[in-house]
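Assembling the complex is the task here: the two chains are given apart, and the hints tell you how they should meet.
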Amino acid sequence: MYYLQDGIKINSLSKTFADVKALDSITLKINRGKIVGLVGKNGAGKSTLVRLLSGVMKPTSGTATILGFDIHSNIDDVKRITGLLPEEYALYEKLSIFEYVEFIAKLYDLSDNIIEDRFNELSKKLDIMNLRNRMIETLSKGQKQKVAIITSLIHEPDVVFFDEPISNLDVQSQRVVKQIIKEYRNSSKIIIIATHLLSNIETSCDDIIIIDAGKILFNGSIDEFKKSHDTLENAYLDYLEEI
Amino acid sequence: MFFGYILRSLFDLLRGEIIIVQPPISIFYSILAMFSYFTLFAPLLSARVIYDNGAKSRREVALNTPVSGKDLLNGNLLSNLSFYLPFFGMIGTLVLSPFIGTGIFGPMATAIMLFTVLSLLIIIGLVTGSLISPVIFFLISKQKNDVSRAMVTLLVSAMMIISLPLLRFFLDNTTGDLGLITYLPFTIAASLMMYILYGTIVAINPITGLILMLVYIMVIFVNGWWRADSLYSLSDEISSIDNTEPGSKKSRTIDVLTSVIPKKYRHLSRSIIRASIRDVEHISRLSIGVAVTIFMIFAMSSRGLFRGTNTFPEEVELAVVIFSLVISSASVIFIDASSFTIQHRDMLTLIKSAPDGARKFIIAKIIQMLYFILPVFVTIIIVLGKTGFISEGNQLPLMVIMGITLIALICISLAIYIISPVDNQEDITNFINLLFFYVISFILATAPVIVVIIFAKITNYFILFYSLILLVISIISVFIAIKGLDEMDIETLNSRYSLKFMHVVKTLSLFFIMWTILPLFSLQYLLITSDVIGFLIISSLLSLSIPLVLWRYHIMNKPVFSFRKSDTAITLKGLFLMYTVAFIMYLIVIIIDLNSNTLFMSINADIYSKTSIFILVIVVLIIEEFIFRGFIFDFSENRLDGWEIIIFSSLLFSVTHFISLISLINAFVQGMILGYVRIKTGSLSPVILLHLVYNITVLLLIL
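From first to last, the protein sequence lines stand for chains A and B.
The opening position of the first sequence corresponds to residue 142 in our numbering, with each subsequent residue numbered one higher.
The opening position of the second sequence corresponds to residue 710 in our numbering, with each subsequent residue numbered one higher.
Just so you know, these hints were derived from the structure itself, not from any lab.
A couple of the hints might just be wrong.
Claimed, not checked - Label pairs and their calculated CB-CB ranges:
{"#": "1", "chain 1": "B", "residue 1": "T962", "chain 2": "A", "residue 2": "G361", "range": "39 to 47 angstroms"}
{"#": "2", "chain 1": "B", "residue 1": "M1108", "chain 2": "A", "residue 2": "N309", "range": "47 to 55 angstroms"}
{"#": "3", "chain 1": "A", "residue 1": "V161", "chain 2": "B", "residue 2": "L1401", "range": "44 to 52 angstroms"}
{"#": "4", "chain 1": "A", "residue 1": "N309", "chain 2": "B", "residue 2": "N1347", "range": "38 to 46 angstroms"}
{"#": "5", "chain 1": "A", "residue 1": "S329", "chain 2": "B", "residue 2": "D1065", "range": "25 to 33 angstroms"}
{"#": "6", "chain 1": "B", "residue 1": "L1180", "chain 2": "A", "residue 2": "V161", "range": "53 to 61 angstroms"}
{"#": "7", "chain 1": "A", "residue 1": "D371", "chain 2": "B", "residue 2": "D1350", "range": "34 to 42 angstroms"}
{"#": "8", "chain 1": "A", "residue 1": "G361", "chain 2": "B", "residue 2": "D1350", "range": "39 to 47 angstroms"}
{"#": "9", "chain 1": "A", "residue 1": "E257", "chain 2": "B", "residue 2": "R961", "range": "12 to 20 angstroms"}
As the list claims (entries may be wrong) - Far from chain B by the CB rule (all over 10 angstroms, computed), these chain A residues:
{"#": "10", "residue": "N152"}
{"#": "11", "residue": "S202"}
{"#": "12", "residue": "K367"}
{"#": "13", "residue": "E382"}
Virtual Cβ for every residue (Gly too), placed ideally from N, Cα, C.
The shape of chain B in the complex, shown without the other chains (with noise of 0.2 angstroms):
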């Protein structure tokens, strides 16, 4: 949906009217706010990755060459930027498109400077997370016990807080004195970003807004660079030998807290609830937590940086509040199981070494999560309460809501960790759970929000299913989770759904690269020749066509276009089918009495001619059928079985055919019937021919 919505706003913007409505300017502040505050962490949280054991040994063998503190320094910078600078370029680009085309400075000017402002964004932000990141954890490792860790980590998570208001301080005295930023710590970049920037784009004081980012970097960088050496040295362990007495008060507090649990489970529960209480990580990830949860609602909220106009109504808020917790939770719950994978992969063996042991350690860990992150989120649902963010009416059916969505999201984030395994190596699984796994906390955040929108309350109804849907979703997720772990291979970490879930997000994500960013960057022949036509034949050739015909000839070692004799039988029966579905779904159109563009896509005949129309239908064609029947079916060969690479190739197709319901079963029947053909075939040419065909009658009909 969110591709087709994307492609939908492209092809408005094609149709003519260049310039689209403006958004609220203070809307694009807070998203670069967002934006800035995220590249900050980025490193800050790869940075974590260096103080873990695993690392610990590799350290130890970099250091043993004659490699310095200082190289490592450097090396981690490079890793950040060259991992993260194309993944926040190519958000930060899509997020901020719809500016494109405003201001005083024209389309063209403006694009080039946004670009340019975003990638030195990037770049700023990722150069003073990765040499920020190692102060921090430098600073963490030195304390002494757990509370003055958890401190540290708290005042760290404060003061990115802080920078919010300074945000919104600066943006409203522009002019005033900017001396004192350059003393204060780093969590006040994104403040400091966001006046260069506001300086830079909208030209009130370009230079001041220079300096200080220059001051700003000296500042960050020399201070990381003169600590280089001892953040990195091996000398910096944890030395502290805590005894852990079985009768002290700490450890009564826990079996009191604990023995709600059920009997079964509670031994087990308890150990890890131990271990991630005397683990640091645990502490900072959820304060953490907290800090983006209040971010989120800052940056949102007309109480925030949308204070200068006018209050929002009280479902909006509350919509604000709901998506801020569930989203920033998410974060939480994912980084935890993401972590827990790494580092008790060896352990796995163990626990499945004893009967049952799959089930029992699960849901023991369920447990844990739970123990760790509901109280948090209930705590921050009652302060938000208390200072009237939320009415009092509101706050029990949030706290249901949060609770049965938490739930959720614990077994949803295992079941993914489970299925796909993540080794301190494969950092691009780590990004695929990622992305899976933030897509599905998206739509549990937007389906409430949508109902408070719509309905402006929660309604008890909505509790009542909403918590029933959840409850059979978490149900599910546990049992994938318990047979997962039964099922995964000890020796590769995979399992038979692995390797299938794998791939299907691995080509979703290139898919969506396809699809929609490639083509992003070719705006700009349109901007200079606003020829719309040649912009859609040049742009998708160059950066669609041309790489996947390479690919498939060279890569895949297939040849591009073939068409046997023997081909010909199965293409017309292809063609007969095809032509019999369209029949069948215009007749039920013409039944239900519907407007036929709801089954085509509809043209706008009288803008242009009828050539280019064919023209450009013709060409769209054919990159469809390099994608859907060309790229999915190649790179899913061997990976998938037949139906389920023809199941999904024509899911994707009838998406990007989206106009309505009957369209969409449409276009996935006729996707299924050419991805039969390219089964049978195993070549291109019947497909295109087909499709080529079918398109050239239905334009036929309409035009």
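Chain A extracted, bound-state conformation (with noise of 0.2 angstroms):
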């Protein structure tokens, strides 16, 4: 079956805006049940190819597929399978929690019950299961991320791109999300972290990509680019200055 076969591929993917390269002609694979760290700079391309891989963007050359699903033909299936969780949001601000789950789900054209489900055991995990039916515009930052992830996993993708996952929680909220990550790397899934902060993904993920300038620098486990160093940050400091 198409389904069960190898992970993200991505064939000298590029994306110009104007005059700029946000990305250069990558090509990388990413195998199923990895959880993967997207570092870079700021502006070094990591929420492009996040936005080119989950169909929200169209490259301006280059091919990509996603479980075997290529980015240009089938479109809406890469959608179906893959959730976003954008760095910048905008949640309806007159909403309640729920309701604005509701609606995102709907978009994704889920049933009553399953939407039902999802909510109350994503809202557990995250802690704000007793803040159902508040309105959006009264939320801490904090807790709109927490809705913003709800909404990415509420209908259990397959490939999940987090771009700054936990950059708003507080300490008790970023473990939350550490944990709903590992879970995920028992299945077969893929998790893909873009973030600036290196403490984010060292201990959470399996592979690193390191991406500047929209290049490829590195790609591989963490533990082949961390060589003999003691941190993830000492190495990646080095790595930079070799370059």
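Here it is, written out as structure tokens:
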């Protein structure tokens, strides 16, 4: 079956904005069951790559397949099997948490029962179950981030893209998100975490992709990257110096 | 057509009859009333932005510095002045120009007085609006629940409405006691300004007018200034936490009302409807829409400002109602669509990440807008029917027409805002969208109006025909919106079409300014010297050629005149083509037996000498080349494809040469040939030469 084939295959993918090359002919392969950290400076092209792979944007040239689905010809399938937590998000301020989650879930054509079950499960994990009927405009930044995480997972995607997932969260919630990520590790799903904070991925990721100025500098396991260094941060700084 | 009309009336004016027939003075007043009303409204609408979330954080940053609330108020005022003063000045000058040259003071004095009073009016309106708008929003944000918030906006709108009967009252009783006015709220501004104008222009009582104006400004200014700090403070956020129970009465009502929506979109539409019901802005927009409708009907009908005149025939009244309804609903729809892309820009990412999310969301959004706007305007029509503004028989046809127009306007506005989305910072995009949308709204408003006036009623055939056309337009717009959202780059908010669209509208606005407004200002030279040819040459050279030459030379870094030997062949080829086309057109004219005046611009040779006509034609053609083949081509370079530029410039070229259909086609084809030569040679000299030889030939033939 199509579906069980390999994970994400990217073939010379490029994206240009006006004169700026955000992604410069990227070729990559990510296997199923991996949790990958996508690391780079601000403006390195992380968000662009995530948006291209989740079907939100179209590439200037090149192709990619997600679990066998092509981002050009099977765009709706790609959107169905991927979940996206965008870096910047705006929620409907005048809806309650549940109404908002329901709104996004209905875009994925989920039935009422499934929405109810998934919402209860996720909101319990993220500890916002008691806020179900609270208006979004009254929430704090961290609470809003949790709502956005719920909407990105509501349709049980096989591939999840988290763009800066824990930047706004308190320490407790950070642990919860890491917990959720860990649970995914045991399934055959793919999680890609785009971040500029190395501490976010050191403990939870298997692989690391380092991206700079639209080009892939490194793609491999975290252990391989660390080599003899004690922390990821030192390895990263040394690596940048070498180049 | 509009540009053409203005230009033609300018020519008429120059043909010797300096004083044109004076339109009735009541029209003058109603135009001014409308004008001052919208000057007041502009800052009110822009102040809305003060209270959105983006502005909240900006306010936070500003207040963290030694900046005070009063400084913010001043800043807001200044930005309103700098943005709206030129805009309204432009429109006001255009609208009121037919009145120049009448009255007891002579054309020159009247013109200067009109300009002065107009500027004064704009400044008063903007200052008042800027100072009062935070007060209103302050009042709204202090309310605890939706109902009282809606009440405040309704009250504000109601005050705007009652300012009109007051205006009428003051026009009728100019010598009466006016002590009450100073105590009435700001909404009487329009009527007050009318009194001042009435007093100063017609010179019945300028002193009273002046004193009143000063008192009025004082009251408003002191009030706004005094409140400034609390207005901009950060403590006024709405703190009420609304718990939304799923089984509540409100929620159930919405469920019942929305159960007619097709199942596929029911849930999505329901969510957006819920969100917008809780948003006080939606409600305030609607009440402002109602206010604008009533205002317009009052300002234009024989039951309102025109009460002194004979009652209009039924069809004219109906036309007024249709026009008012379409324009006011367009305002409501436009504001709704514009705030939607400002606020939900980042949410579009999530919507696009769902399978087929663009289509689902756009359709749900259309349903939501319909749910809000349709019932309000149906109610207005019913009320108008009950109060006798429209007859029983016209009520249903009017509802059908309004319904289909609303659907079309909603679809078009969404398409515009998806193709060219608005960022908080981009006032110019919003302005261009507004301009484009209002042109469409005016077309949609005038079509039924013309039919009603000609046939005295709305015929069934017309309803069917019109509905079909609008339905097709709506469906196309929906497709454009969905495709646009699909293709939109979330990063830059652009899509392939949006850049081209923006460019075309931007060029059109600049063209409009060049072609009509700048020469209007040099009208004063004419009024002083009455030297027509000199006026045209001087004004055109001063206002157009010099800036364009400077622009091409310094900014585009291109030589102004250059002619290479290699350009000769293509120039000769162009000339041959132009002669051929003109000859074919001439043959067509002869075959269908038309006057040759329908092909070429006719010039009355009795008034002017041949030499002056030759000079005039040469000057005009050089300016035309600077605009059509110079400015438009250089400005569109890299933004449009070559053939797109040629068609675009030829379209404008032909519209300004409109005398008859055949002249339109002729000018279009000639424009294409000139454009082709311009693209091939990259220089202006060959096209100027071509145009010159061609025009001289034509002149020699017809003179």
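These are the hints, each one checked on the structure:
Look at T962 (chain B) against G361 (chain A): about 59 angstroms separates their beta carbons, and that is not inside 39 to 47 angstroms. In this structure, M1108 (chain B) and N309 (chain A) meet the distance hint of 47 to 55 angstroms, their C-beta atoms being roughly 50 angstroms apart. The hinted range of 44 to 52 angstroms is satisfied by V161 (chain A) and L1401 (chain B), whose Cβ atoms lie roughly 45 angstroms apart. Under the hint 38 to 46 angstroms, the C-beta atoms of N309 (chain A) and N1347 (chain B), about 41 angstroms apart, fit the expected range.
Under the hint 25 to 33 angstroms, the C-beta atoms of S329 (chain A) and D1065 (chain B), about 26 angstroms apart, fit the expected range. As the Cβ distance of L1180 (chain B) to V161 (chain A) is approximately 42 angstroms, the hint placing it in 53 to 61 angstroms is violated. About 58 angstroms separates the C-beta atoms of D371 (chain A) and D1350 (chain B), a value inconsistent with the hinted range of 34 to 42 angstroms. Checking the proposed 39 to 47 angstroms range against G361 (chain A) and D1350 (chain B) shows it holds: the Cβ atoms sit about 45 angstroms from each other.
For the pair E257 (chain A) and R961 (chain B), the beta carbons lie near 18 angstroms from each other, so the given range of 12 to 20 angstroms is met. With a least beta-carbon separation of about 21 angstroms from chain B, N152 (chain A) lies farther than 10 angstroms from that chain, consistent with its non-interface assignment. Every CB of chain B is more than 10 angstroms from the CB of S202 (chain A) (nearest about 15 angstroms), matching its label as outside the interface. Distance check on K367 (chain A): its Cβ is at least 33 angstroms (rounded) from any Cβ of chain B, clearing the 10 angstroms threshold; non-interface status holds.
The non-interface label for E382 (chain A) is consistent with chain B: the shortest C-beta to C-beta separation is roughly 30 angstroms, beyond 10 angstroms.
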